[in-house]
Amino acid sequence: MKKNNLKQQAYQIIREKIINCEYMPGTLINESTLLEEVPGSRTPVRDAISRLEQEHLVTILPKRGILISDITSKDVQHFYEMRLLLEPYILLEYGNTLPEEFYLKYYLLFSSQTPAALLREPYAADDAMHFSMIKASRNNVFIHAYEKIHLQNHRVRILSGTVSTNRTQESSQEHVRILEACLKKDWKKAADEMTIHLTEAQKAVSNMLLQMQGDR
Amino acid sequence: MENNTLKNQAYYEIKTRILSCTFPPGTLLNESMLCELLSFSRTPVRDALSRLENENLVRITPPKGVVVTDITINDVSSFLEALLHFDPYLIRTCPSVFAEENCSQLLSSGINSKNSTNDQIVRTFLMTFHKILASATDNLYMIELYDHLANLEQRLLHLINIPQANYSPLLERIQTFYPEFQKKNPEQTAMLITDILKLYQDIIIAAFLNYAKTLPPQEASITE
Chain Z
1 MKKNNLKQQA YQIIREKIIN CEYMPGTLIN ESTLLEEVPG SRTPVRDAIS RLEQEHLVTI
61 LPKRGILISD ITSKDVQHFY EMRLLLEPYI LLEYGNTLPE EFYLKYYLLF SSQTPAALLR
121 EPYAADDAMH FSMIKASRNN VFIHAYEKIH LQNHRVRILS GTVSTNRTQE SSQEHVRILE
181 ACLKKDWKKA ADEMTIHLTE AQKAVSNMLL QMQGDR
Chain B
217 MENNTLKNQA YYEIKTRILS CTFPPGTLLN ESMLCELLSF SRTPVRDALS RLENENLVRI
277 TPPKGVVVTD ITINDVSSFL EALLHFDPYL IRTCPSVFAE ENCSQLLSSG INSKNSTNDQ
337 IVRTFLMTFH KILASATDNL YMIELYDHLA NLEQRLLHLI NIPQANYSPL LERIQTFYPE
397 FQKKNPEQTA MLITDILKLY QDIIIAAFLN YAKTLPPQEA SITE
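Chains Z and B are the protein sequences, given in the same order.
The numbering used here applies: residue 1 is where the first sequence begins, and numbers increase by one.
The numbering used here applies: residue 217 is where the second sequence begins, and numbers increase by one.
Don't take each hint at face value.
[As the list claims (entries may be wrong)] Partner residues aside, some chain Z positions facing chain B, computed with beta carbon under 10 Å:
{"#": "1", "residue": "Asn5"}
{"#": "2", "residue": "Asp47"}
{"#": "3", "residue": "Gln54"}
{"#": "4", "residue": "His56"}
{"#": "5", "residue": "Pro62"}
{"#": "6", "residue": "Leu86"}
{"#": "7", "residue": "Tyr89"}
{"#": "8", "residue": "Glu93"}
{"#": "9", "residue": "Ser137"}
{"#": "10", "residue": "Val141"}
{"#": "11", "residue": "His144"}
{"#": "12", "residue": "Ala145"}
{"#": "13", "residue": "Lys148"}
{"#": "14", "residue": "Gln152"}
[Claimed, not checked] The following label-pair restraints were derived from C-beta to C-beta distances:
{"#": "15", "chain 1": "Z", "residue 1": "Phe131", "chain 2": "B", "residue 2": "Glu269", "range": "14 to 24 Å"}
{"#": "16", "chain 1": "B", "residue 1": "Glu269", "chain 2": "Z", "residue 2": "Leu183", "range": "37 to 47 Å"}
{"#": "17", "chain 1": "B", "residue 1": "Arg258", "chain 2": "Z", "residue 2": "Pro99", "range": "47 to 57 Å"}
{"#": "18", "chain 1": "B", "residue 1": "Ile359", "chain 2": "Z", "residue 2": "Arg138", "range": "19 to 29 Å"}
{"#": "19", "chain 1": "B", "residue 1": "Thr309", "chain 2": "Z", "residue 2": "His144", "range": "14 to 24 Å"}
Worth flagging that the hints you see were computed from the coordinates, not collected in a lab.
Where a beta carbon is used, it is the ideal one built from N, C-alpha and C, also for glycine.
Model the full assembly from the supplied sequences, consistent with the hints where possible.
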C-alpha cells in the first residue's frame, strides 16, 4: 500500500514539473536531482521515469541522464493535425448530444468583456470546453488520443508564456462564433468555425515557437 | 543493457498472451503469478505492466489489482468509427500510401492463395493495409492510434466467432479493390475502403453481440 503511494506520488510530482515546464523541454537532468524532489528511494523514481518515458515525456539516455522531451514545430503540426481531424468532425456528428445549457454557459463566458474566470486561468475554460466536446463522441479511441495531445498542448502554452492579449481576444471571439452556430444547431457552420479556430490557433502557436527558438 | 532485454522480454511475453486472449479481457493478473509463470523477477514484470497500462491493455488499481482491459460494445464501435474516419483521410493526404512496394506488399498478402480460408484472406488484407497507412504518415499520434487499433482488433477477433460464409461479401469487394488500388486514385480508393469497412462493421458488431450473450449478465453490460 505504502509503496504504491510513494510510486504514485513520485510519478505525479515529476510529471507535474514536466508538464508545467519547470523542467524545460530539451534539458538533461539526472536521477539524483529527481531524488531530491520526491520522497522515497530510487525505486519509485525509476518507476516514475519509465512510466513517463512511455508517455513520451522523457527519454532515458543510458549513462547520461534523463532527457526532457523537446517540443518541435513538427510536434505542433502533428497535434493540430489530430485536433483538426477530430474536433470539427465530432461537432458535426455529435454536437447535438450536448445540452443547450452547455453551449449557453460557454457562450456567455467567452462573450463577456473581461471574464473574471478567463483572467484567472486563461486556459481552463478553453480546455474544458474542447474536452467536453471530444467526450460527446463517447468514442474511447478519440478520447484516448486527445488526452495525449492535450498534455503536449499544455506544455507548449506554458513554454510560450502568456499568449499575447490580442490572440486571447481573437480566440474568445472564435469560440463565440463556434458557440453561436451550436446554439442555432447549425452543426455544419459550427464545424467550419472550429476548423477556422484551430487553424488560427496553430498559426499563433507555431509562430511563437519559432520566435522562442530564435531567442534561445 | 541486459536489464532492458529482460524488460522487453517480459513485456512481449505478457503482451502476446493478452493479444491472443490467452489472458482474456477481465482476467485478474498479479505480479507474483506472472513472475512464476514467466520465470522473471519482479522488476521486469512491473515495468512490463506499466508499459501495458500505457497502451490501455491492462488496468492497474493499487494496491495489487491488475486487470486485463475489458472490451465493451462501446470499444468495438469506437474502433470501427475510428477506422472509418482515419483511413480515408490518410488515403487522401498521404501520397506514399500508393508507393510501388505497398502495391506488391498488398498483392502478396495472400489474396490469390487458394489454400487460405476467407477469414485469413480478409484479416491479412486489412492488417496489411492498415500497416501501410500507419507507415505512410510521420505523425506519431496517428501511428500510436493505429497501434492501439491493431491491438484492439487482434483481441477482438480472438473473442468473437464469425462464420466463414459471412466473409464472402467482404472477399468479393477486396478482390475488386486490388485493381483499383493499383490505379493510385485516392478518391476511388477511399470510397472503396469505406465500403469495405462498413461491411466489416456490420459483421463484427453482429458477432460481438452474439459473444456478449454468452457472458454472465454483469460483464456483458456496457460499463459507461
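Here is what the structure says about each hint:
Nearest Cβ of chain B to the Cβ of Asn5 (chain Z): about 8 Å, under the 10 Å cut. The hint holds. Annotation: Asp47 (chain Z) was flagged as interfacial toward chain B, and the flag holds, the nearest CB pair being 7 Å apart, inside 10 Å. This hint holds: Gln54 (chain Z) has a C-beta 4 Å from the nearest C-beta of chain B, less than the 10 Å allowed. A hinted interface residue such as His56 (chain Z) counts as satisfied when its beta carbon comes closer than 10 Å to some beta carbon of chain B; here the least separation is about 7 Å, so the hint holds.
Interface hint status for Pro62 (chain Z): upheld, as the beta-carbon distance to the closest one in chain B is roughly 7 Å, under 10 Å. A hinted interface residue such as Leu86 (chain Z) counts as satisfied when its beta carbon comes closer than 10 Å to some beta carbon of chain B; here the least separation is about 8 Å, so the hint holds. Residue-level restraint check for Tyr89 (chain Z) holds (minimum Cβ-Cβ distance to chain B is 6 Å; threshold 10 Å). Given hint, Glu93 (chain Z) at the interface with chain B, holds; its Cβ is 9 Å from that chain's nearest Cβ, closer than 10 Å.
Hint status for Ser137 (chain Z): holds, given a least beta-carbon distance of 8 Å to chain B, under 10 Å. With a least beta-carbon distance of about 4 Å to chain B, the hint placing Val141 (chain Z) at the interface is held under the 10 Å criterion. The interface hint given for His144 (chain Z) holds, since its Cβ lies 6 Å from the closest Cβ of chain B, which is under the 10 Å cut-off. For Ala145 (chain Z), the suggested interface contact is upheld, since its CB lies about 5 Å from the closest CB of chain B, less than 10 Å.
For the restraint placing Lys148 (chain Z) at the interface with chain B, the shortest Cβ-Cβ distance is roughly 6 Å, inside the 10 Å limit, so the hint holds. The interface hint given for Gln152 (chain Z) is met, as the beta carbon of that residue sits about 9 Å from the closest beta carbon of chain B, less than 10 Å. Evaluation of the 14 to 24 Å hint for Phe131 (chain Z) and Glu269 (chain B) yields a pass: the beta carbon distance comes to about 21 Å. A hinted range of 37 to 47 Å for the beta carbons of Glu269 (chain B) and Leu183 (chain Z) is consistent with their spacing of about 40 Å.
A beta carbon spacing of about 49 Å between Arg258 (chain B) and Pro99 (chain Z) agrees with the range 47 to 57 Å that was offered as a hint. Hint check: Ile359 (chain B) to Arg138 (chain Z), Cβ distance near 24 Å, so the stated range 19 to 29 Å holds. As the Cβ distance of Thr309 (chain B) to His144 (chain Z) is approximately 22 Å, the hint placing it in 14 to 24 Å holds.
Checked against the numbered hints above, the structure breaks none of them.
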